[in-house]
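Based on the sequences and whatever the hints tell you, model everything.
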Amino acid sequence: MSTVAETQIKLTPEHDARPGASVRSRLQDLLPKIVLAPSFAATIVFVYGFILWTIYLSFTNSKTFPSYAITGARAYQRLWRWTFESDPPSSWYTSITNMGIFGFLYILICLALGLFLAILLDQKIRGEGVLRPIYLYPMALSFIVTGVAWKWFLDPGLGLEQTLHQWGWTSFHFDWIKNKDFVIYTVVIAGVWQASGFIMAMFLAGLRGIDGEIMKAAQIDGASTFQLYRRIVIPLLRPVFLSAFIVLAHLAIKSYDLVVALTSGGPGGSAWLPSNFMYEFTFKRNEMAVGSASAVIMLMTITAIIVPYLYSELREKSR
Amino acid sequence: MSAVTSPARQASSGMSARTINRIVIYGLLALFAIFYLMPLFVMLVTSFKTMDEIQNGNMLALPHAPTFAPWIKAWSEVCSGLTCVGMKGYFWNSIKMVVPAVLISTLLGALNGYVLTKWRFRGHTLVFAMMLFACFIPFQSVLLPMATILGSLGRFGVTLQNATGFNFGFGNSTVNLVFVHVVYGLGFTTLFFRNYYEAFPTELIKAAQVDGASFFQIFRRIMLPNSLPIIVVTVIYQFTNIWNDFLFASAYAGSGDVMPMTVALNNVVNTSTGVVEYNVNMAAAMIAALPTLIVYVVAGRYFVRGLMAGAVKG
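As they're listed, the protein sequences go chains W and D. In terms of the working numbering, the first sequence is residues 1352 to 1670. In terms of the working numbering, the second sequence is residues -17 to 296.
Below 27 angstroms or equal to it, Euclidean Cα-Cα: the simulated DSSO-like pairs (lysine-lysine) are:
(1) W:Lys1531 <-> W:Lys1605
(2) W:Lys1414 <-> W:Lys1605
(3) W:Lys1605 <-> D:Lys78
(4) D:Lys55 <-> D:Lys70
(5) D:Lys188 <-> W:Lys1384
(6) W:Lys1635 <-> W:Lys1605
If you are wondering where the hints come from, they were derived from the structure by calculation, not from laboratory data.
What follows is the structure, given as structure tokens:
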């Protein structure tokens, strides 16, 4: 699709004939690039340049203000020394442990629940048009609203616990949101509530794209419904699993707002994720280099997941 | 499952098994519908209750005497920290930030998509890949440099203010946030338009070129009139994302009367002076949620398309 090249060839005679027109037509040829340039330049400077800046800062001794003398990998050493050698566990240790718990459960439950709901909805259900938007609407809310709503819902004094007590189940006890060992699981609950409907929609679109003939053939061979899904449908959904995994992994690593709104960081920062750690250390605890180091680690984690995926997607498209 | 069960199985297991099957499926679906609706329902009913009823009543009960007082208080009186002026100012802050940011990023995305599909040059895939990757970075990795730059621009604005009596938008939080959201939203808007224009017939463009139409004429007369669906998708996606943003808002407009809605809501809920008025908090949360909820109800189809397009890249 070399439209530009063709235009040039077409205009060649004019180039030679009139110098004024040649400047104009050359401008016309450059125009697409001129239009794209500001966006590309902004990306180079404000994304890649800033990333390099952050990486640079992580190798300095910056505290409250940036300092530009390189002092080596001290910030990283401090992070990891805190992780493995400090007792009681440091907030970076808490953050990455929470990331592991939250990331694993959030991705797993969203995938399982999304697939389950999609399969249920795919059984020629009446009222699918009503149910689907109900499952999906949380995705339109901000994490802050989700956090506020669940904070209230899970509040031991006024929320679910009190409601069940009033209904007669007086031994019911649920204070995870105030418990430093369990607060991260409330983040999982709210996160799953928000994203699983969207994962359901992805799987549903995948199910609708499966060729009906394959299903019919399997049925004629006497496969039960369960076998049909396990052996044929779910393997066919592999690309959807991959996309959904990428979406969820990247949402999980970026999660920040939900922890703030739902738990305010939890008792003693026990609900922190690396994103919260970065924000607190950079802007509140005047440990700019350490904050930058944690941001670099987050970026590297996402890059390791995204780049192979984008590479394969773009290559597939251009083939 | 009814549709896919073979006739032989149906005959052997009879109608009753099929009916039970359906009841189980509908039961499960209803149960999950309740799970998804519950927090919104609780938020809504709580926002219409009096504090008395909240403390003594049941969370799930409908309000005995519905009152609009919490909504009115949330809109015009509620305290965020020590200032008690309600959410209305922050609501307008968000509007003033969202509208220009959405318009600019959508227009730029359309132009970029147009160039990247119909005016390709060497290296166009690399340019696109670099812009696409920018969608995924954790914004923590650019947060601090941007804060430094915005700080310098703010000081420049003060200098301008002193010299000319007008700061030309330098140092203005709303302008800053518009800028930030445009820059970090470009990847997505470009992605949307690029994928849409990819399928747009190139012959039409060539024909227009032969007729002497210029770059911008083709964009205005041919591309834009045929882009309505993707414009709607992009506008909704950007609107939802920018309205709901918290990280940039709290880093660059985190206090005072310049806060956008999400930051203000978080501050209201965490303001610990005096009795916590849950009904007012819930009303404030509803006010913050309503714009995106309304968009979702009105144009849910396009919202989902945007999410999907943002999920299945390339």
